[in-house]
Amino acid sequence: MGASAMSVGRGGRLAFAALRRVVAAVGSVLGATLLLQALVGLAPGDAADLAANDPALRDALSAAWGLDEPLLTRWSRFVLGALGGDLGESLTVRPGASVWSLITAAAGRSSGLVAAALALGLGLALPLGFGGARARRLTLVFSAAPVFLALYAVMTGLNEGAWALIEAGKMERPGWFALPDADSGLRWALGACALAWGSSSLAELQAATADELTRLRRAPFVLAAQARGEPAWPVALRSLLPPLSEVAASQVAVTLGGLIVVERALQLNGAGSLFWQACRLRDLPLACGLAAAAALVVAGARLTSDLTRLWLDPRLREAP
Amino acid sequence: MSSARVMTPLLLAALAAPALAGSLRYAEDSAPAIVNPLYSTTMAEARVNELLFGGLYADDRDLRATPLIAESATLNATADELRITVRPGLTWHDGKPLTARDVAFTVETLQDPKTLSTEAGRVDWVQSVSVVNDRELVLKLKRPDPQAIDKLFFKILPAHAFASRPVTRADPFRTKPVGSGPYRLARFGDDNSITFAANPSYPKPLGVSEIVMREVSDKSYQAKLLLYESLEALVRVLPRDLAVLQKSRKVELYPYQTNSWWYIGFNLNAAPFDDERVRQALACMTDVPSLLAPIGTGQTLSGPFVRSSPYYNHDVPPWPHDEGRAAELMKSAGFTKVGEYWSRDGQALTVTVSAHKTLESAQEVVINLQSQWRAAGVKVDVEFLDEAAWKARIWKQHDYDVVLAQWSFDRNEDVREQLHSTGARNFGSYKNAEVDALLDSARASRDPAARKADLRKVHALVHEDAPMIFLWSLDSYSAVSTKVRDVVVHPFAYFSFVSDWKMQ
Numbered sequence: 001m002g003a004s005a006m007s008v009g010r011g012g013r014l015a016f017a018a019l020r021r022v023v024a025a026v027g028s029v030l031g032a033t034l035l036l037q038a039l040v041g042l043a044p045g046d047a048a049d050l051a052a053n054d055p056a057l058r059d060a061l062s063a064a065w066g067l068d069e070p071l072l073t074r075w076s077r078f079v080l081g082a083l084g085g086d087l088g089e090s091l092t093v094r095p096g097a098s099v100w101s102l103i104t105a106a107a108g109r110s111s112g113l114v115a116a117a118l119a120l121g122l123g124l125a126l127p128l129g130f131g132g133a134r135a136r137r138l139t140l141v142f143s144a145a146p147v148f149l150a151l152y153a154v155m156t157g158l159n160e161g162a163w164a165l166i167e168a169g170k171m172e173r174p175g176w177f178a179l180p181d182a183d184s185g186l187r188w189a190l191g192a193c194a195l196a197w198g199s200s201s202l203a204e205l206q207a208a209t210a211d212e213l214t215r216l217r218r219a220p221f222v223l224a225a226q227a228r229g230e231p232a233w234p235v236a237l238r239s240l241l242p243p244l245s246e247v248a249a250s251q252v253a254v255t256l257g258g259l260i261v262v263e264r265a266l267q268l269n270g271a272g273s274l275f276w277q278a279c280r281l282r283d284l285p286l287a288c289g290l291a292a293a294a295a296l297v298v299a300g301a302r303l304t305s306d307l308t309r310l311w312l313d314p315r316l317r318e319a320p
Numbered sequence: 001m002s003s004a005r006v007m008t009p010l011l012l013a014a015l016a017a018p019a020l021a022g023s024l025r026y027a028e029d030s031a032p033a034i035v036n037p038l039y040s041t042t043m044a045e046a047r048v049n050e051l052l053f054g055g056l057y058a059d060d061r062d063l064r065a066t067p068l069i070a071e072s073a074t075l076n077a078t079a080d081e082l083r084i085t086v087r088p089g090l091t092w093h094d095g096k097p098l099t100a101r102d103v104a105f106t107v108e109t110l111q112d113p114k115t116l117s118t119e120a121g122r123v124d125w126v127q128s129v130s131v132v133n134d135r136e137l138v139l140k141l142k143r144p145d146p147q148a149i150d151k152l153f154f155k156i157l158p159a160h161a162f163a164s165r166p167v168t169r170a171d172p173f174r175t176k177p178v179g180s181g182p183y184r185l186a187r188f189g190d191d192n193s194i195t196f197a198a199n200p201s202y203p204k205p206l207g208v209s210e211i212v213m214r215e216v217s218d219k220s221y222q223a224k225l226l227l228y229e230s231l232e233a234l235v236r237v238l239p240r241d242l243a244v245l246q247k248s249r250k251v252e253l254y255p256y257q258t259n260s261w262w263y264i265g266f267n268l269n270a271a272p273f274d275d276e277r278v279r280q281a282l283a284c285m286t287d288v289p290s291l292l293a294p295i296g297t298g299q300t301l302s303g304p305f306v307r308s309s310p311y312y313n314h315d316v317p318p319w320p321h322d323e324g325r326a327a328e329l330m331k332s333a334g335f336t337k338v339g340e341y342w343s344r345d346g347q348a349l350t351v352t353v354s355a356h357k358t359l360e361s362a363q364e365v366v367i368n369l370q371s372q373w374r375a376a377g378v379k380v381d382v383e384f385l386d387e388a389a390w391k392a393r394i395w396k397q398h399d400y401d402v403v404l405a406q407w408s409f410d411r412n413e414d415v416r417e418q419l420h421s422t423g424a425r426n427f428g429s430y431k432n433a434e435v436d437a438l439l440d441s442a443r444a445s446r447d448p449a450a451r452k453a454d455l456r457k458v459h460a461l462v463h464e465d466a467p468m469i470f471l472w473s474l475d476s477y478s479a480v481s482t483k484v485r486d487v488v489v490h491p492f493a494y495f496s497f498v499s500d501w502k503m504q
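Heads up: the sequence lines are chains G and Z, in that order. When you line the first sequence up against our numbering, it's residues 1 to 320, in that order. When you line the second sequence up against our numbering, it's residues 1 to 504, in that order.
Note that these hints are calculated values from the structure, not bench results. Note that the structure is predicted; figures quoted are calculated from it, not measured. Note that the Cβ used here is the ideal one computed from N, Cα and C, for glycine as well. Careful, some of the hints might be misleading.
Derived contacts from chain G toward chain Z, CB cut-off under 7 angstroms, selection only [said to hold, decoys possible]:
id: 1; residue: 44
id: 2; residue: 45
id: 3; residue: 59
id: 4; residue: 60
id: 5; residue: 94
id: 6; residue: 95
id: 7; residue: 163
id: 8; residue: 178
id: 9; residue: 181
id: 10; residue: 183
id: 11; residue: 269
id: 12; residue: 282
One chain only, chain G, in its complex shape:
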C-alpha cells in the first residue's frame, strides 16, 4: 500500500514536472518568436528590400511574403502555420527552401558540437571540481580570457607552423590543413573546446561541482559511509548528478548562443551560423523557426534535468 502510494506520488510528480515544462516550452516558443519578429521588424530593411531594387517588385514581394502585415498578424500566421506543421519557406537565405528542411539539416550538424561541448564541460568539471579553490580561480581566469581571439590565434599558429613544415618538405599536407577551411576532426574538436570554454559551461559546471563536493564532504550519509569503512564516492557521485544536471540544463541556452560565434569563426554551417544569416538577411520565417527550435531544445533540456533530479534525488521524490 505504502509502495503503491509512493509510486503514484512519483508518477504524479514526473507528470507534473513534464506538464510544467511543456507549458513553459509553449510560452518560450511563443515569446521567442514574437520577440524575434518584433526585433527583426525594428531593424532597418526587410527581405523584400534585399531581394529587389525595383520598387514595384519590392512591393509585390512584400505583399507576397506578408511583410506589409502588422506584427501580430504576421506572428499569428507563423504560429498557425507551425501548428499545422508548416514553418514556411526561406525568403533570402535559401529562397524557396523549406524552413523545416533547413533547420533539421543545420541542427544535425550542430547537435554533435553542442553535446560534445556540454560533455567536455561535465567531463572536465568533475576532476577540476576536486582541485579546490586554486583550480576554480584558474578556470575563472581562463573563462574571462577572449576565447574566440585565442581560437583565431591557435588556428593561425597551427596553419603557419604546418605550412612552414610542408614548404620545407618535413611534413605531408595534413587533412586538417588549412584551418578553419578544411572539414576535419581537429576543426570540430576546436569548436567543441571553444564552445565549452567560451560559453562559460566549464566554469559554471566546475563551480557547481566544487560547491557540491564541499557540501558532500560534511554530509552525514558520506561521513557515515566513511565511518563504516565503505567507499564514499559512489554515494557522492549519485548525489552530484542532480545539481550538475540542473546546471548543465541551464547551460544549454548559453551554449546555443555561443554556437553562433563558434560556427561563424570556424566556418561550420550549423544552426548558429544559419540563425546569424537569417537575422542578417531578415529571413523572418527561418529566424523564427530556428528560435522556436532553440526554445524547444532548452525546454527539453530542462525537462530532462527535472526528471533526472526527481529520479535520483530521494528528497524531491519522497517529499510530501
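Go by the hints and put chain Z onto chain G.
This is chain Z only, laid out in the frame that chain G set:
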C-alpha cells in the same frame, strides 16, 4: 569517445587526399543563395550562372557581342522587331534539345509578374514573343532599339525543367538546375560549397574537369588559402594582398578592366545638397588621389564612365583639389566660416557619410574623407550600413546625406537608370532635363557616333551639376594558381571564358 577515436583518423585520412586532378576551387565571400537566373541578386550568383547557363549572345575575348545559343539575330529596318535563329544541335545538360521554345519560355517567364523575377528588367524592352518553329522566334520590341542585340545576354532556361507554372522561387529547379553552359551542377556540400562537373555534351572539350565554389566569409583569409594551395582562384584580390601574392611563384595575377567606378553621391532632396554650389565646393575639398592611394591603384574620373569607355569625355578634367575655390563656392551659397566650420543660419555644415559595410576598403576611404572635409571646415559623421539597412535607408527611404558607393556596369555601360530623372537607381533624385533628353536620344540612336556624342555631353553636364563626386575606377586583379593555364577572366561574369582554361 571511442567512436570519435575511430572516426577521427578515418576522417583525417580521407581529407588528407589531394584535390582531384583538374579540380579548380575558387572562393566566394558568401555562397549563392539560389541557383536560378530568374532570381539572381548577387555577383556570386552571376558567376555560378555563367558556369551553368548560356545566353543567346556572349562576349568574345575582345568583349564584342558574339552569338552563343543564337546562330544569328537580325533587326528589321525599323529596329522594332528582332528575328532570332537558334543554333542547331544544342542540348541541355539532361540531353534534351534546346529550341526556340525555350527562349520564348525564358522571356515570357521573366516578364510574368507572377514569377516575381528580380531579373525582369533584362527583357523589359520586349513587347511580345512569337515562336516561328523550333529554331526561329521573333521578338517584337516595345520601341525601336538599335542596340537590342546587345541585350541578348540574359540566360536561357529550359521550359521542360520547371515544375511550377507560374514559376516560383520554390521550384525544385533551384536545387536541380539544368542549363546549357560548360558545367553542370554536381552537388551541394554541407559547408555551402557547390561542385560543378564538366558538361560532356558541351561543344568544345573543357580543360578543367571540376570547379568547386567554396564559401570563405573572411575575405582577408582567402588570399592565405590561395597561398596554402587550398584554393586555385580568387576572383578579386584585395589591394593589401597584392604584394604578397605577387611574390608567390605559385600564383599568377591577372589584371582586368571592370566597368565599375566609385563615387560620393549626394541626396539632392536634402538641404544643403540641393544647392549645386555646395556640392561643387565639397568636390573641391576632396583630394581624390590621396583617397585612392591607400587602397590601391586606379584611374581618377571626372564623369560617369571609366576612362577606357568610348563615352568618357576626356575634355572634362576632374574637380581640382582647391580649397580657395571651395571657399568661394561656400560663400556664394550663403555659408560663412564660424570658428573652424562653415555655417549657415547659425548651423555648422554637418555631413553624414554612409557607406556599405561590405564595400572593400570603404573604411579607409571614409576616414580619410572625413579628415579632408573636417580640415576644410565641414563636420563629418560616418555610418556603415549592412545590406538590409542600405537598401531600406538609401534606396527606399532616401534617408541620407552623402553615400560612398560604387556602380558596376555590364558591357552596355547604360547609366540611364542612375542619371535619368525617372531612373530606378537615381536614388539621389538628380534631375536635369537636358541630361534626360540626351540619355533618351542615346538609347534610341542607331548611329554609334551620335550615341557617343550624346553620352559625352551627358558626362560634361553631370560633372558640372555634381550630383556625385566621381572618384575612380580601381585596377582589379584576379589571382589564379599557376596550375591553371590559358586564363582569361571576364570583367563582369568572371567565368565567361572558362571553357578555354586548362589545369596542369
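Cross-check of the supplied hints:
no., hint, verdict
1, 44, "holds (4 angstroms)"
2, 45, "holds (3 angstroms)"
3, 59, "violated (10 angstroms)"
4, 60, "holds (6 angstroms)"
5, 94, "holds (6 angstroms)"
6, 95, "holds (4 angstroms)"
7, 163, "holds (6 angstroms)"
8, 178, "holds (4 angstroms)"
9, 181, "holds (6 angstroms)"
10, 183, "holds (6 angstroms)"
11, 269, "holds (5 angstroms)"
12, 282, "holds (5 angstroms)"
Violated hint for the displayed structure: number 3, the only one.
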